[in-house]
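Residue numbers (UniProt numbering), protein chains in the order written: chain A, 1 to 303; chain B, 1 to 303; chain C, 1 to 303; chain D, 1 to 303.
None of these hints come from the bench; they were simulated from the model. Please note: incorrect hints may appear among the correct ones.
It does not matter which identical chain is used: a pair holds within one copy or between any two.
Capping the alpha-carbon separation at 20 Å, the derived lysine to aspartate or glutamate pairs in EDC-like fashion look like this [said to hold, decoys possible]:
1. Lys82 x Glu124
2. Lys173 x Asp114
3. Lys248 x Glu218
4. Lys89 x Asp59
4 protein chains.
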Amino acid sequence: MLQRPVPWPNGAKVACAITLDMDADSLVHIHHGAGAGDKLSATSMLRYGPEVAIPRILDTYRRFGLTQSFFMPAWCVENHPKAVEAIVKDGHEIGHHGYIHEAPNSLSAAQEHDWMCRSIEIIERHTGQRPRGNRSPLYHMSSKTPGFLAQEGFVYDSSLMGDEVPYVLETGKGRIMELPVSWATDDWPPYVHAPDLDYMFAVQAPERAMEVFMAEFEALRACPGGLWVGVWHPFVSGRLSRWQRVEKMIEYMLNTGDVWFATLEEIAAHVAMVEKSGEYAPRVDHLPYHAENQVPAELQGKV
Amino acid sequence: MLQRPVPWPNGAKVACAITLDMDADSLVHIHHGAGAGDKLSATSMLRYGPEVAIPRILDTYRRFGLTQSFFMPAWCVENHPKAVEAIVKDGHEIGHHGYIHEAPNSLSAAQEHDWMCRSIEIIERHTGQRPRGNRSPLYHMSSKTPGFLAQEGFVYDSSLMGDEVPYVLETGKGRIMELPVSWATDDWPPYVHAPDLDYMFAVQAPERAMEVFMAEFEALRACPGGLWVGVWHPFVSGRLSRWQRVEKMIEYMLNTGDVWFATLEEIAAHVAMVEKSGEYAPRVDHLPYHAENQVPAELQGKV
Amino acid sequence: MLQRPVPWPNGAKVACAITLDMDADSLVHIHHGAGAGDKLSATSMLRYGPEVAIPRILDTYRRFGLTQSFFMPAWCVENHPKAVEAIVKDGHEIGHHGYIHEAPNSLSAAQEHDWMCRSIEIIERHTGQRPRGNRSPLYHMSSKTPGFLAQEGFVYDSSLMGDEVPYVLETGKGRIMELPVSWATDDWPPYVHAPDLDYMFAVQAPERAMEVFMAEFEALRACPGGLWVGVWHPFVSGRLSRWQRVEKMIEYMLNTGDVWFATLEEIAAHVAMVEKSGEYAPRVDHLPYHAENQVPAELQGKV
Amino acid sequence: MLQRPVPWPNGAKVACAITLDMDADSLVHIHHGAGAGDKLSATSMLRYGPEVAIPRILDTYRRFGLTQSFFMPAWCVENHPKAVEAIVKDGHEIGHHGYIHEAPNSLSAAQEHDWMCRSIEIIERHTGQRPRGNRSPLYHMSSKTPGFLAQEGFVYDSSLMGDEVPYVLETGKGRIMELPVSWATDDWPPYVHAPDLDYMFAVQAPERAMEVFMAEFEALRACPGGLWVGVWHPFVSGRLSRWQRVEKMIEYMLNTGDVWFATLEEIAAHVAMVEKSGEYAPRVDHLPYHAENQVPAELQGKV
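So here's chain A without its partners, still in its complex pose (with noise of 0.2 Å):
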């Protein structure tokens, strides 16, 4: 049922990636600005992640030996630097996630490079490296973006929601690995509410969430070669609760042999290796789509 299956190393039958999204009280800011003091309860929700989530998760991967990634705004990492020295001490990968979890796509051009240029160089002040890959805030990345992160020397992104095996971006200025990701492997729909964030669902217990996450999971195990992405954040997946049941399927997961976890650095690698060797031949989707406005001037907004 796959198109296009990966051969993943050593037989693996699903490539899996846990993705945490370290946003903090970077979402009160860019949703209230100067109001964002005001917000203390929803403050204090977000700041969880960094610290009381964050050495929760560290401490799950040093037990189970995984190193996995990690996507960040720049500000977080500014004002985070406890979680972040904690995170790249581990040896886990920090990627890019906007400098304050702005929507790329409200941006002109100039600034949306502007601000992806000083957050690549805050990250790699305080982590030592250059991100590798990125991850749109919000998935908003814009007609630009693909193309800025060829520009920029960025291997990866992970924004884009196009297939279950990763694909090749061709954006004119360079090419760029996608490996996809799904609302349904996403922790927000299941777990957030926030009327500050103007975002409210009623919150599901972790047995209920987990059966979504998982049934993308054995379906990717049915059908060797595809790549399970679970879009994650601290403050959220790390709640007590939750993190326990996370736990579990880790364990569940890796007892059942057939899966690679990997950062996603390592899973663009391995794609890009076995195509150079001929062993794989992705996907190419060629950026832009579609030149220009495709709705009639006479339907323009009739939806």
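Go by the hints and put chains B, C and D onto chain A.
Coordinates of chains B, C and D only, in the frame set by chain A:
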């Protein structure tokens, strides 16, 4: 419990049709117009339909020996020719679904008719056949749509929700067979989480979504003579985890020995045949239901 | 756990009433006024009520030997005479539900009273009886409604949520028996997905919706003396899959031997009788609860 | 998995507090001001709290020998004296919850302080004690709230979400113990459907709501030293079907032998005691977290 059970072929208890509305990226265009290019993640999620899901779905249909109905905006017919060719080649039906998923009831009569004609022409040019059926985008059928459908030689519509058996719309310009649908068998509520399309629900596991779809099926099976229509979308139900579950559903349905899987065109033809033979007298609705505004001036807007 | 359990007839533990609000297409008219004609799909979904569901529901009631209460806007009484006749012929109760589902609390006092009188007259003309009970559309009872109900000779209202047993509203113009309801036994949250009515929830399977309704029932059964009122709608709960489940529910409830199924009119009469005989002293609420705006000027709107 | 487990009394693994925010009809007043009188159904739903639920809840607590914490707007203290007297008579704690459920972070500093003082005075006058604890209405704590709480001699706050154990807020004007909460143990998401309060979710069955609350409890039980706080409402969780389930929950929790049920005041006192004795060193957060607007001018509002 059904007032007018249809005598289905070979004593089948339920006529079943999985209809797939291949909206693809038309949705991001109609929602955002000139800004669609900057919604790259939503675009990728939607293009998953023709790129990834359609080959998977067609493969399943071939294995089960099914031919089914697809509806698609004419813009999609033009922009996703590979998917369209594959669908046509396998003998499936392609129905009318607007030009670029615009809402017919937000257009003037002249505009609606004009775009219907253009879309018919595009479908005919690419598939070799005029469409016989209509599904109005987002079910946004206008008061004029049924008349235009009759005028343009359509055989059936599948956008209304007035019954669990087919019925007839007497439009003044001719009659149209209505093959009714329901939100209970639509895949958006259980699965779609798309901030860029202003539609966000908690994503459900395939098993939970299927509970709702199958409750409809079992109810009809217990009460022979009705019609079960899945209103699904390649980018939604065609996702790996969900389509694997759909395959199990098809297998289960076929194994009951109680179902007739058919295109909506075949179902409409069958009902017309049993009506002509006198075996069946469908309900006939005369349109419009009401001649004018029903709300007294004083009560306007007092909702 | 109930402060004032009612002594129900024959030692029943729970008084049960399925009330059906047959709003039909009045909803699309009050929501869209002159634009209602262009909401053909929503109209068809709503007309399913009188056209398809009412005959099915009445058939069930006949088989179980039940008479129950229906509320409907006077406009529906005029526009769906066949459904109304069938309901009346079987001896069910028809209560007041506005003229065309307008919100009483968005009208002036004079308007509210005027339309109440017109609606009473229409109901009386078509059913042979003035309505004895009221349910305010969308529970939008105004501060004037209880007084008008008393003035017009109504016996009971069923729009408030203040208890699990009947209570009395002392309105200043006379008293009204309140037979309270709850969103927990309303069928909109679990089932209604209607973009044209600004109401969208994930559609639930009948079994899941019933969990909520039955949790209320079992709680009352464990605590004799309370009232269970389903606030359902023919186009919603009358759908085949759901109504089959309702039939099982009725069968189950009857088989407990613990319930008294009755119309709200009968329930109100019983409470009045046991009050008169001195067996029961209902809670009495004196309206209005507060004489004026309770929010200090400085805090207005600081929500 | 907890960084700073608290040594609870008698080796208890979890400190448990059911806190009840008795907002009653204050909510309809703050939402609608002069229009509140015309929201009679919402009012009745809310008044169910003091009228029906409080006696039921107090009865349960008496049977289990529990004393617990209640928070309520001062307006409710004045307007529901019978409920307040009963709560006080049984020895429960009454905490500060605004004057009429206004959002502190929508007031000026002077207004916030002024209404806090007035509310303290009202609570003291009616209950004989100044409140020792605070829960900001809808968790809408402002940047000034913690300082005002310290200034007015409060011992603890319970409006933030930054941990699963108590922590200290160093406000500049003194310290406040924070006893953190979570939306995962709040009863609004699973139960409240109130169009008049702009809050609508599908109403869940008590068993499903309890899954979420109990997942939090079991996680804490597996990881001794944490705090479980139910943030519930008499009109919501005090409903018969839900409160019966709460009774089972209390019984279950007590039977584990692992819990210490206490008021928040007692919990705060215990933490202060073990801190003083040197057995425990709580996390200390210095407020404010950030001195000024964190979003660069160019990125303001680019969410």
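Right, here's what the structure says about each hint:
1. Lys82 x Glu124: The answer is within: 16 Å in one copy meets 20 Å, while 44 Å across copies does not.
2. Lys173 x Asp114: within (17 Å within a copy, 41 Å between copies)
3. Lys248 x Glu218: both (15 Å within a copy, 15 Å between copies)
4. Lys89 x Asp59: For Lys89 and Asp59, only the intra-copy Cα distance (12 Å) is at most 20 Å; the inter-copy one is 48 Å.
This entry satisfies every hint, going by the numbered hints stated previously.
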